[in-house]
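Asker: Sequence:
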Amino acid sequence: MRSNFVPFGSIMPVFAENYKGNISGSRFAPYLAALLFVLALTPLAANFVSFHPDERHYTNGAIFMMQSGDAISPRTGEGELRFKKPILTYWAVLGSYRLFGVSALSSRLPFLAAGAAIIWLTYRMALLLFASRKVALTASMIMASNPLLMMAGVRANPDMLLALWLMVSASGFLGIMLSVKPSFLRYLAAYGGIGLAVATKGPFPALVFATVSMGYLRFNPWRRVSWRQLFHLPAMFLGLAVGGVWFGAVYLLHGPEALVSFLGDHVGNRIGFQWIEMLGHFGGAVASLSLLFIPWLVPAMRARSGLRQEVWGGSGDRSSAVEGFVLAWAIAIILMSVPVSDFYSRYVLPVTPLIALLLAEALNRKKERLPADWARKFIPLIALLLTLLLLAALAMRMALDSDPFAMGLIALALLMLLSIAATERKGFDASITALAAIILMIPLALFLLVQPIALPDQGSQITAKLDQLGLIGRGRVLFLGEAKPAAKLRIAAGLRLDLRELDQPTPEDVARSPVLILREDKMAGVDLSGMEVVQASASWSELPLSALGKARKLDDLREILKQPDQRHFIAWRREGDGAP
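Adding 306 to a residue's 1-based position in the sequence shown gives its number in this note's numbering.
Simulated from the structure, these hints should not be mistaken for laboratory data.
Computed from a predicted model, the values in this text were never measured in an experiment.
One should not assume that every hint holds.
To be verified - Have a look at the derived ranges for each label pair, beta carbon to beta carbon: (1) GLU629 / LEU761: 21 to 31 Å; (2) ALA770 / VAL551: 35 to 45 Å; (3) SER647 / ALA717: 39 to 49 Å; (4) GLY561 / LEU694: 18 to 28 Å.
As the list claims (entries may be wrong) - Capping the alpha-carbon separation at 20 Å, the derived lysine to any residue pairs in SDA-like fashion look like this: (5) LYS828 / GLY800; (6) LYS683 / VAL604; (7) LYS790 / GLY521; (8) LYS868 / TRP846; (9) LYS390 / GLY550; (10) LYS828 / GLU838.
We put the CB at the ideal spot given by N, CA and C, even for glycine.
Full structure from sequences and hints, please.
Answerer: Below, the structure is given as structure tokens:
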């Protein structure tokens, strides 16, 4: 009896013969979607046009680790210990900082790379499950253009890493289910992925998915796996060690109080049982798993009925087993989303690659492939949206500085848009790739639109002023204001600045600090007598969308953009008047 898990090497000659000349038949096909993803998001990742509030925890923590040499104990911007999340996300940022230096791009680079890895893994899983490069290319393009993956790719937080490790685990469990004699690598992926997920987000989501996967493999009616085949003690112990080593180290170094802080964040502060909210969260999770796939979901549903045997080589049990596994994971993520105190669409990200696999298989059915006219319905609509965004970006540039480089970039984006729209008529692969590429252009267009408003960010402006005044290296700098600008400042200054954040400083705190950075509204509550004061930054706390919408001509736009609503000031003592 042989395994039904299709070996990669045995299907390569089929692809070379059947798909010669098509995108899916190219040797670069496994990397195309990942490359488009990275190219589209790098401009956003390299700047603080957007900065999610959670990012500061991991960038601050990594910088403190570099400054202190303690890579076990994360700290907040105030210098306090923070054990609300496990260590792996901190280490990802820390490793990137050590390799590439401290910057906005290096803060996000591990997560951009993890997104590319998810896309590549999606391609590989589709190839192994369906033995079709067309399905694999489609799945990778669906995943690359998923809004949740795009958002996670430009955020330094655990979402992307958690999705990657759970994707690795899912590939392992599927391999165990579909193989007569699974290899050690299948078990290592299944249980090692769970361990890495625990080290990224904690035990709760990872162990739920592990329990669901093991229960499904053991009791599903199509491809049941015996307990003996399901358990692999070396891989399970390795996963346990990977997931638990940091918790053990923290317990030894800081005692049980540190773990109580972790439990409070994951259970006490996260779980709520208000029925109205729970119904809303249920609807939000279901909507997130469907609406974010809209360009692909509708034609896939049309092709869903029948023809199952065609792709699966006559094995209906195999098809049902895989579909049931995906459904089990989808139900698990929905149920986990229901009792949380606050639901965010990003919570469902770990399941999206599996859904992309099923959508890709449906879109590639012989009798109902994605029709060219379907792509032509979506591509012009998205192209129109992008054109409006790019023209708005052009108007913004004309109102501000007419920067030739930026305006050239906008013109290049418009040419790219025309090129993509022209390629969609050249066959199935081209339609799939064009649709994904044009969706991936949306972040680039948004970046070009908001860049002149959002950049340079507060951190870059304040750092430039500190350098101009020669104040870096004068001792500890006290920051009074919001946490996000402080985190941006810490990144912009790199390791040159000993920065501490305080919301309500005492007179003694102020007296001990030779340099203060204050948001404008904080100045009235601080005694700045005997200190030099100068404005360091002017920026928008939020995009002035309502005001911009009222602009009728370029002069109106110029006036609005020259009146930012948030300012920071630097106060310092002259040399010789230093803090005691």
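Asker: A separate judgement is required for each hint: does it hold in the structure or not?
Answerer: Hints, verified against the model:
no., hint, verdict
1, GLU629 / LEU761: 21 to 31 Å, "46 Å, violated"
2, ALA770 / VAL551: 35 to 45 Å, "42 Å, holds"
3, SER647 / ALA717: 39 to 49 Å, "47 Å, holds"
4, GLY561 / LEU694: 18 to 28 Å, "57 Å, violated"
5, LYS828 / GLY800, "25 Å, violated"
6, LYS683 / VAL604, "12 Å, holds"
7, LYS790 / GLY521, "43 Å, violated"
8, LYS868 / TRP846, "10 Å, holds"
9, LYS390 / GLY550, "15 Å, holds"
10, LYS828 / GLU838, "16 Å, holds"
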